[in-house]
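Based on the sequences and whatever the hints tell you, model everything.
Residue numbers (this note's numbering), protein chains in the order written: chain A, 90 to 204; chain B, 5 to 118.
Be careful, since some hints might not be right.
[Unchecked claim] In silico lysine to any residue, SDA-like type, Cα no more than 25 Å apart, as pairs:
| hint | chain 1 | residue 1 | chain 2 | residue 2 |
| --- | --- | --- | --- | --- |
| 1 | A | Lys167 | B | Gly45 |
| 2 | B | Lys105 | A | Ala197 |
| 3 | B | Lys105 | A | Ala190 |
| 4 | A | Lys151 | A | Val108 |
| 5 | B | Lys105 | A | Leu149 |
In short, the hints are calculated from the structure, not lab data.
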Amino acid sequence: EAGVVQSPRYKIIEKKQPVAFWCNPISGHNTLYWYLQNLGQGPELLIRYENEEAVDDSQLPKDRFSAERLKGVDSTLKIQPAELGDSAVYLCASSSGTGGANVLTFGAGSRLTVL
Amino acid sequence: AQSVTQPDIHITVSEGASLELRCNYSYGATPYLFWYVQSPGQGLQLLLKYFSGDTLVQGIKGFEAEFKRSQSSFNLRKPSVHWSDAAEYFCAVGANTGGFKTIFGAGTRLFVKA
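Printed below as a string of structure tokens:
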């Protein structure tokens, strides 16, 4: 079974340009997460979806970040316009349920470099 | 507020030596605790988890962790480290506080020397 698939793996853009990341979760996993991982730090939640609904987007900078999960499967995270400080790894994860006991399965991440 | 502290930014051990990575958490109720490992260029992979019951839990790759409520700790151990264990290790707590959250520590990078 394929794991969580993310693309692109690497992206280099100039500041003020837009960028989008795509995630395909594990089949049957209803919950999808986008995490931000800065260099030398642990992952920080940006947004969590339960099916199509964004149930926790409190940490998503909504002035420049947006996300969608159409049909409750794949998801896209967009940044427009990108800033230098957005350089980081964007991790997607999925799980089969919700709650504190949930085990997350992560993708390999999308590394963004903003010049 | 819930938080996870990993006091060691990096640790170096010799191959074959024992390993202990420290983790302290802050959470008002009984926590769900996890250790994840991240190899270079890879996503995080679950090593082990603690939900309840026996406070010593076994995981994959020969790792174990012990939950100590009195110390708010969940330290990761391995009796004999292999070169392939070199990676970044993250402790995490799963909390249900007005919504589910998994909160990660900053990580400990493990270096293994021959």
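Hints versus structure:
1. A:Lys167 x B:Gly45: Distance of about 22 Å is within 25 Å: holds.
2. B:Lys105 x A:Ala197: Holds - the C-alpha atoms of Ala197 of chain A and Lys105 of chain B are around 21 Å apart, at most 25 Å.
3. B:Lys105 x A:Ala190: Distance of about 10 Å is within 25 Å: holds.
4. A:Lys151 x A:Val108: Answer holds: Lys151 of chain A to Val108 of chain A is near 15 Å, not above 25 Å.
5. B:Lys105 x A:Leu149: 14 Å, holds
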